[in-house]
Amino acid sequence: MVEQTVQESNSSATTTFRGVLDAGTIKRTVDVAYAVFDECHLYVDPDGLRLAAIDAATVVRADVTLERAAFESFEGAPDHLGIDLERFRDVVSIADRDQFVALEVNAESRTLSIRIDELEYTLALLDPETIRSPQEGSSDAFDLAGSVVASAETFDRSVRAAEMVSTHLEFELDAADEVFAVRADGDTDDVSLTLSASDLVDLEPADTSSLFSVDYLASINRAMPGGVDVGLGLGTEKPLSIRYEFADGGGDVEYLVAPRISAT
Amino acid sequence: MVEQTVQESNSSATTTFRGVLDAGTIKRTVDVAYAVFDECHLYVDPDGLRLAAIDAATVVRADVTLERAAFESFEGAPDHLGIDLERFRDVVSIADRDQFVALEVNAESRTLSIRIDELEYTLALLDPETIRSPQEGSSDAFDLAGSVVASAETFDRSVRAAEMVSTHLEFELDAADEVFAVRADGDTDDVSLTLSASDLVDLEPADTSSLFSVDYLASINRAMPGGVDVGLGLGTEKPLSIRYEFADGGGDVEYLVAPRISAT
Amino acid sequence: MVEQTVQESNSSATTTFRGVLDAGTIKRTVDVAYAVFDECHLYVDPDGLRLAAIDAATVVRADVTLERAAFESFEGAPDHLGIDLERFRDVVSIADRDQFVALEVNAESRTLSIRIDELEYTLALLDPETIRSPQEGSSDAFDLAGSVVASAETFDRSVRAAEMVSTHLEFELDAADEVFAVRADGDTDDVSLTLSASDLVDLEPADTSSLFSVDYLASINRAMPGGVDVGLGLGTEKPLSIRYEFADGGGDVEYLVAPRISAT
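Protein chains in written order, with the numbering used here: chain A, 1 to 264; chain B, 1 to 264; chain C, 1 to 264.
Treat the hints with care, since some could be wrong.
If chains are identical, the list can't say which one is meant, so a pair holds when it fits in one copy or spans any two.
Only pairs whose alpha carbons sit at most 25 Å apart, straight line, appear in this in silico SDA-like list of lysine to any residue [stated by the list, open to error]:
(1) 238 / 152
(2) 27 / 80
(3) 27 / 187
(4) 27 / 156
(5) 27 / 222
(6) 27 / 192
(7) 27 / 164
(8) 27 / 190
(9) 27 / 160
(10) 27 / 194
(11) 27 / 218
(12) 27 / 200
(13) 27 / 172
(14) 27 / 236
No wet-lab data here; the hints were simulated from the structure.
Quantities reported herein were computed from a predicted structural model and do not represent experimental measurements.
Let the sequences and hints guide you as you build the complete structure.
Okay, structure coming up:
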């Protein structure tokens, strides 16, 4: 599978990726993927890294890219690996935010070396064949009718409000009223949050409505950094696209969450 | 039951209570009642709100009042409702301390609407008939012989000290020595705390002694705001009255805790 | 056993120890012993206190001394007691860091009185015969070939790194390379930390290697104050000595941890 390897003086012939970046960036990248998955695909190419996975019930998929610009130094040759996100997260968690983390993939031994100053970890990589693969393509494929850009704080508030009363929430766009509404109906209690353009960063109205499981959104919410703008792509009984940038634009994540069939 | 309703232009005929207050005040009010109860009676009248409950074993009752002065705006007509304190607490916990919370009781649908900016919750109220009722009257009925006013810090210290060695503690007033003593005798270890007038805000000596369960006092202690003065009314084998003000005097709570029969 | 008692005007004839010290010092002393034991021997003599214990599997022993200089006032006559560290810790935890704690042992009632301002605890002491005894002597008896002095931060880093991949870690000194290496080999992942003299406070090189259980080291690490210099005495398949001072040099602890038989 690995035909091309990183060429450099002190590089072994079997190194397909070598990069150095600050601890804050790699921690965030791993957290964003670990929000919904324990293990994922890791794609290397000369432009950067990509982490991707889909859950067993095919309800949620995530696509995380980290461009070479997010690295202090980066060399990559096309490779496809599997990674245990929990182990990876444990290791990078030991670094201080402003320390540098050096990563290196050895394609032959299928290991990822993680160096943090004098510390060196060797993590066994997983066979990507054993990890469920999302289909290629993004939310563009779904032709989502409307969209909203909200602050991370507004997204957080919506999800936490819904969590209190129900296991599901409804995202609704109303073209006539020009509002984005979040609604959750519990067995005894209800909650609604009605946001107009002035409460949002951006609103492209349409008439859409879809119901989602709160659990996945709560996990995605917990991994979201404060202060970012979150793009939500919405349709009627279509997947929800949740997209934001991190690491000063060097990182990007898109989650696609499948709708639940509405009870009404 | 509801003969009178709040009259106002934009008020529905079935609204018996409408009030706006800061999140810190309503959070504190709910916490103070939730310290000992999961659900309680909610009485509305033109002067304010009252929360009251007694536990199944009739060991502890609480009476929490929140005067109309504690609200930014307040309109109330006599009503009697039941409320799930845990749900109410979850909802108000989402507000920031300095946000305003708007409350409204709909007597017909038996719901409490809670509005925090764009967020609107609708909580189902409980039938007050299903909630155990304390008898009317306060500690005045018990003719407690002595009293002490202590800082919340001193109360906290006494309860935490006793908790370490035993499930019971004794509050004792000694008229001759002019001291207030807290004692707990465990199976192997003992603790005592002897406080004279200079360690207290106020001391009205008498000769009294009663034994109480530490558990209830610990719960009451955890909900107590720092910095308040706590009035303790004491008798011999009489209930303990624990009373303090909160919300700049707009709120007031009295707990009555039944004594345990002393082992000696 | 108690032939001599502390002689002083307001001292009962059965007092063998009376001392006053700041809460921070006694809390630290107890934490350092409680790191590996629930109960321990308490030796009193005119020069200070000593806490000592060994675990049932004889893997780890601790020796904690607190010199009379660490006390504001100290009077001690030779005595040997047993103490429940968990109860002792609970009690001293209630004091603020800068409060004074007055301790007094009553040899007749076998109790330890702990006074923190108006609070007085009476803790039942244990019969030292019921507590496993370490043999006398320290690491000097083992003739450890090499030693390292590291910062608490470096020790913390080593242990936490090893914890992530394995239940065992290897400490190795290499005389030729003049390095101190920490290694842990897990089922799938490995970690190593290679430190030269410049990464350490002091390094006395030798050729040694021993394997230790990570659990004990993690407990010792958690109780270690930040900022101290930790002396490690090392041999090949010899016990590890971990030694540091606390309370401005008035306190001293030495742990001896038995090596595990290496799998290799």
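Here is how each hint holds up against the structure:
When the C-alpha separation of residue 238 and residue 152 is checked against a cutoff of 25 Å, the pair qualifies only within one copy, where the shortest distance is 22 Å, while the shortest distance between copies is 54 Å. With identical chains, the CA atoms of residue 27 and residue 80 are at most 25 Å apart within one copy only, with a shortest distance of 21 Å there and 52 Å across copies. When the C-alpha separation of residue 27 and residue 187 is checked against a cutoff of 25 Å, the pair qualifies only between copies, where the shortest distance is 24 Å, while the shortest distance within a copy is 39 Å. In the homo-oligomer, the alpha carbons of residue 27 and residue 156 lie at most 25 Å apart both inside one protomer (20 Å) and across protomers (20 Å), since each shortest distance falls under that limit.
With identical chains, the CA atoms of residue 27 and residue 222 are at most 25 Å apart both within one copy (14 Å) and between copies (24 Å). Taking identical chains as interchangeable, the C-alpha atoms of residue 27 and residue 192 lie at most 25 Å apart only when they sit on different chains, with a minimum of 21 Å there against 34 Å within one chain. Taking CA atoms no more than 25 Å apart as the test, residue 27 paired with residue 164 passes between copies only; the shortest distance there is 16 Å, against 29 Å inside one copy. Within a single copy, residue 27 and residue 190 get their C-alpha atoms only as close as 36 Å, which misses the 25 Å cut-off; across copies the closest is 20 Å, which meets it.
For the homomeric pair residue 27 and residue 160, the shortest alpha-carbon distances inside one copy (24 Å) and between copies (17 Å) are both at most 25 Å. Taking the closest pair of Cα atoms, residue 27 and residue 194 come within 25 Å of each other only across two copies (24 Å); inside a single copy the shortest separation is 34 Å, beyond that limit. When the C-alpha separation of residue 27 and residue 218 is checked against a cutoff of 25 Å, the pair qualifies both within a copy, at 19 Å, and between copies, at 24 Å. In this assembly of identical chains, the alpha carbons of residue 27 and residue 200 never lie at most 25 Å apart, being 28 Å within a copy and 28 Å across copies at closest.
Proximity of residue 27 and residue 172 under a CA criterion of 25 Å is satisfied in neither setting, with 33 Å inside one chain copy and 31 Å between copies. In this assembly of identical chains, the alpha carbons of residue 27 and residue 236 never lie at most 25 Å apart, being 35 Å within a copy and 38 Å across copies at closest.
Consistency note: the structure conflicts with the earlier hints numbered 12, 13, 14.
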